[in-house]
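Keeping their order, the protein sequence lines are chains A and B.
First residue of the first sequence: 12, per my numbering; consecutive thereafter.
First residue of the second sequence: 238, per my numbering; consecutive thereafter.
Think of the hints as simulated: they come from the structure by calculation, not from any bench.
Any given hint could be a false lead.
As the list claims (entries may be wrong) - Quick partial rundown of chain A residues pointing at chain B, CB under 10 Å, derived from the structure: (1) Arg87; (2) Ser93; (3) Glu95; (4) Asp97; (5) Leu98; (6) Leu101; (7) Ala103; (8) Leu106; (9) Ser185; (10) Pro186; (11) Thr191; (12) Leu192; (13) Ala197.
Claimed, not checked - Chain A residues, not near chain B, derived (Cβ > 12 Å throughout): (14) Arg23; (15) Gly38; (16) Arg75; (17) Arg107.
A virtual CB, placed ideally from N, CA and C, is assigned to each residue, including glycine.
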Amino acid sequence: MRITAEAKQETRERILQAAKRLFREQGFDTTTTRDLAREAGIAAGTLFNYFPSKEAIALDLILRGLDRALLAHEKRAAPPGSLEEDLFGLIAADLRGLRELRPLLPPVLETCLGASRRGDGGNEGAEALRVRQLAVAGRLAERHGAGEAFSAVAQQLYWTLYTGILAHWSRDDSPRQEDTLAYLDATLEMFVEWLTRSAPARRRTP
Amino acid sequence: MNLDLARLMAALPERETDPEIVRKLGKPDAGLGEWPLPGGLVRRLSILGTLQAKLAAAWLFLWVRGWFQDAEAREQDGIETRLRLALDVLEAMSYLRGAVMKAGQFLGSLPEIAPMEFVQAFERLHFEAPPMHYALIREMLADEIGGEPEEVFAQFEREAFAAASLGQVHRARLKSGEAAALKVQYPGIARAIRADFRMILPLLLPSRLSRDGEGMRRILEYARRAVERETDYEIEAGVQERVRGLFREEDGIVVPRVFQAHSSRRVLCMELLEGIHLDGLLARGPSQAERDRWGELLMRAWYRLFYAGRMEYVDWNAGNFLFLPDGRLGLIDFGGVISFTPEEWELMRLADRPLTTGRAEDRLDFLRRWSGPMDEEKDADFIRLADAYMEWSWRPRAAGGVFDYGDGVDLRRGVDLLLEFLRRRTGRAQPCSGLITRWEFLYRGLLYRLGARIDVRRIAEEEIGAAGWDREPYRGV
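The following block holds chain B by itself, in its conformation from the complex (with noise of 0.2 Å):
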C-alpha cells in the first residue's frame, strides 16, 4: 500500500470533461436516476481543497481503477470519462468534507497508524452540514411543522446546543411541559446526499464487473439505501418507537420517546435526556468498574437490538450515546439502524454456531453460505484471510469470559485485517456487510477508548433467551 505521492495523485482523473463525450457516454445505468442529477442546493465549495481531500481521492480512484486493470483499451477511456464525471461529484459533495479529510489523514499515516488515529479518523466519517442561524431554523420549523418555535413551543433555544447529522439539535420545551430535543435538517441536504449517491456509483462502478466485483456494487447500492433511509427523519422516528419498545425501566437503558405532532421528514422532536458523551464521561476519570459496567450497558443495548428487534445499530459513534448523571445509558440516533430481511437474518441466526463454538470448521461452513461458492484451492487465499478476520471479531464472545475492549494490540489486528481486505479488493458478501464491518470498527474503537472488559458471552445468552428464540436447529453443539 506504500505509493509515492505523485503515483498515488496520478490515479486521479483528469479535470477537463469533455462535453461531447458526456453527451455521447448518456446516462450512466438505466434506472439508476435522471442524467445529468440537480443534486439539490447545499453549498457546492470544492472538498478537495486540501493534500488530505486529495489523497483520500486518490486512494479511492486507484482502488477503483483496480477492478478494471483488465478491461480492454476501448473500455478504459468509457472507464476515464466516468471517472471524471465522477470526480466531478465527488468534489461538490461538500457534506463530505470533514469525513473526506479525515480519511486523507487516516491514508496518509499508513501503515503506521496507530488504534487511536484509527478509531478517531473511522468516527469522523459521516455527513456534516452547515450550521443555520435561528433565522434559518425558524423557517424550517415554519415549514415543516407549522408553526414558528414562539408559536409551537412554551420555550425554544436559539442556539444549537448539539450538531447531528444532517443538521443541529435545539432544546425546546412543549406546550404541555416535556422538555424536548429538535432536531432539525439542513434544508436540501437530503435530497443532494440521495442525488449524489444515486449518481456516484454507477460512475464509480460503471460495467461488466468480476464475481468480487457484483459484490462490491451490491454492497456499495445497500449502502446508498440505507444513506436513502438515514436522511429521512420520519423513518428514524418509526425506527426510534420501535426501539424504544424493546426496553424495559429495569434495563438501565433509555430510547427518548418521540413527539410526532412536532416532527416531519426534515424536523425530528424527542424527549430530551440530560447526560454526556463519551469524551465528558472519560474527562472525569471513571474507574474501571464503571467503564465496565457502561460497556455493559451499550453491548447489552447491541444485543437487545440484534435478537429481540432483528436490527443491527450500525451507527455506533460516540455521539449518538448519552452516559446520563442516574447510571442510565440513552440511546439518541436512529438513522444508522439496519432492520435485516428474513433471509439476512436467517444467515445471522446460522453465525450462531460458530459463535458459539469457536471452531474453525463452523466458521468455514458459515463462510461458503455468507459468501457464496467457493473453490478451496483456488479461493484460498480468501478462505484464509476471511476466516482471521471471523476469529478476530468474534472472539470477544466466542472465547468466553471477560474480554478486554481496551487492548491496543488486538484492535490493530483488526485494522491490518480490514487493510488487507481492501487491497484484496474483495467484494464477496452480503449486501449488508459493508456496513456490518463499519459497524464493528466503531463500536471496537468506542469500547476501546472506554476500555471496557465485558463478558460478552454472557450478556449475548442472557439476550437470546430473553427473546426466546429456539436454537437447537442452530446451536451445533
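For reference, chain A alone in the conformation it holds in the complex (with noise of 0.2 Å):
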C-alpha cells in the first residue's frame, strides 16, 4: 500500500503533538521512542520513518518554535534600534517563543545544535536553522551598515555565541531567567563592538 505524502505529514504532525505532550508531562529523558509511538498510534518501528531519534523530534519542535518566534518578531512593530538593539530583540523573541519547550533544548544542543557540529552533515534539520539565524542576522548586519564585516569568521563566532546563549538558557534557574538576559546584553555588547571596530582594519587588508 502505498502512502501518500498527505498522510505522511499527518503522521508526522501526530509524532510531533504527541511528543509534544509527553515530553511536557513526563519529561524528555523519561520518555522513550516506544511510548512517542504508542502515543500518536503507531507501531514502534514506524517512529524510525520518520525521525531518527527522539532528540530529530525535539529539535523539529524547536525548530516550529523558532518560525513562530521569528514570525512574530518580524510583525512587531518595534522601531529599528542599534545593531546591538536589534540582534537582542530577535534573540529574545526566540527565547520568548521556546519558552514552553525549554526542557527540550539541553538535549537537542548536545546532539544536533552544538558549534562543533557544523557541517558534519549529520543533521539538516540543525544546519537549515543555522542557516535562517545567520541570515535574519546578516540582514540585520546590512541594515546597520556591518554586512561586509559579518564574514564567514564574524558568522561563525556569532552562531557560537547564539548557541552559548541558548545553552545557558536551558539551564537557566534565575527568576524568569533573569540572568540569560543579562548575559545576552554583555555578549551582544562585545560582539557588536568587536564587528564594527575590526571592520574597517579588515578591509584595509589586501
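With the hints in hand, could you dock these two chains into one complex?
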C-alpha cells in the first residue's frame, strides 16, 4: 500500500503533537520512542521512518517554535534601534518563542546544535536553522552598515554565541531566566563592538 | 594615615589563590550562604583596573588587616587566603566600579581633602548598573509586569531620563491618563549584589575578633541586610507608600504615589514628578532665602520620617530629591530608608536629652547606652573621640537658633573626626550606626552644597509635637 504525502504529513504531525504532550508531562529523559509511538498510535518501528531519534523530534519542535518566534518578531512594530539592540530583540524573541520547550533544549543542543556540529552533515534541520539564523542576523548587520564585516568568521562567532546563549538559558534557574538577559546583553555588546571595530581593519587587508 | 604608595599597594593580597587551600578552607562561615556563590551574571569586568581603584582596595585591606595584627602565624595564613578570595570577589563587583574609583580618588587626596571633594566622593558611593537599551527594557517589562511597554502603557519613552541605583528610569503614561516614572532594575543585579555581599563580608571578618571587631561585624551585617532591602523594589514600594502617608498637602513635601499594578520586585512604577535636582537649582543661583526654605523642607522631611514614621531616610543623595516649580520638595527614592526596631527606637528617644540640653554629661550618659559599658580610664580615648563626634553631629540642633550648613570649616571638622574613628577601627556602637554615619555625611554634604541656614531645633520641636510623643521621661531638663 502506498502512503500518500498527505498521510505522511499527518502522521508526522501526530508524532510531534504526541511528543510535545509527553515531553511536557513526563519529561524528555523518561520518554522513550516506544512511548511516543504508542501515544501517536503507530507501531514502534514506524516512528523511525519519520525521525531517526527522539532528539530529532525535539529539534523539529524547536525549529517550529523558532519559526513562530521569527514571525512574531517580524510582525512586531518595534522601531529599529542599534545593531546590538536589534540582535538582542531577535534572540530575545527566540527565547520567548521557545519558553515552553525550554526543557528540550539541553539534549538538542548536545546532539544537534553544538557549534562543532557545523558541516558534519548529520542533521539537515540543525544546518537549516544555522543558515536561517545567520541570514536574519546578516540582514540586520547589512541594515546597520556592517554587512561586509559579517564575514564567515563573524558568522561562526555569532553562531557560537547564539548556541551558547541557548545553552545558558536552557539551564538558567534565575527568576524568569533574568541572568540570561544580562548574559545576552553583555555578549551582544561585546560582539557588536568587535564586529564594528574590526570591519575597517579587515577592509584594509589586501 | 600617610603611607607611601608601595607600602599601600603591599596591603593588597597576592592574586594567586591556591585551589587546594580554598578546598581545605571550605565554607567561610556556617549559615552565611552556599560556597561558592554564583553571584549572578552582571558583567564580570575587573573593577580594579585603575590606580585609583587599586588605592581604594589597598586601603580596605590595610584596614581589615589591622583587625588581625595580633593573630598567630597559623591564623594569619587563613586570613591571607580569605583576603585573597575577598579581593577576587571585590574585583568582580562591577556595579561598584564608580564608587571604588571615587573612593580611591578621595583616599588619595587625604589628608588635604577639601569639604566639597569629600561631599562629591560620598555622593558617588552607590551601586551602578549598566545602561539598558530599549530591547532589554521591553523584555524586562514583559517578564515583570506581563506585557510590552506599548501594550501596558498609553505612552512610553524609549530613552531613559534618569539613572537609578541598580537601573534606570523611563517616562510613561498610564492608560488611565496619569504621568508615570518607571524605574527598571538591570536583570540579575540585585541577586548578584546580595550574593556578593553575603560572600565578601565573612571573608573580610572571618574569625575571632576583639570587642570592637565584633561591633564592626554587626555593623557590616546590618549594612548587608540594608543592601538586601535596597535591592527589592517591592519592599521599597511599601516604604514609599508608608512615607507618603506621613505628609499632608500643606507640608509642601510630596512623595509620588506607587502604581502597584505596574510594579514588581524589579520594576517600580510611580507618579511622575517634574522638577530639578540640586545641580539644576544651584545653577539658577538661588537667593539665600530660597536656599534656606529648601533646606527647611529637606530637614522637615527627615524629621517627619524620624518622629512620625520611626524611620530614617539614610540615602540623602542629591539625586533623590526634586525641587518642584511650585515650590514643593519631592522625595523620590526609598531604597535607603531604615525602620527602627523598638529597641533602636528606644535608644533614639534617649538621644533627646543630650540633643535638647547640649550638655556633655548627657552625651556621656547616652554614649554608655549606645556603646555598652566603658572603662573611664582604659576607654578614655574612645570616650573623648565619641563625645567630640556627638558634639559636632548634634550641635545644629542642640545649640538652638539658625545653623549655617554652608560652613566648610565645620564640615571639615566632622570629616576629621570620622577619619579618626576609621583610623582607630572603632566599632563599638549599635549595628545601625554605620548607615547613620553615612547619612550624617550625605545630609551635611547636601546642605553644605545648598548653603542653607536652618533653625533645626525649631523644626525638631514642631515635628516632635506633631508626632504626639510624650517626652517627659526623656527630657531631663
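- Failing hints, ascending? Number 17 - this is the single hint that the structure violates.
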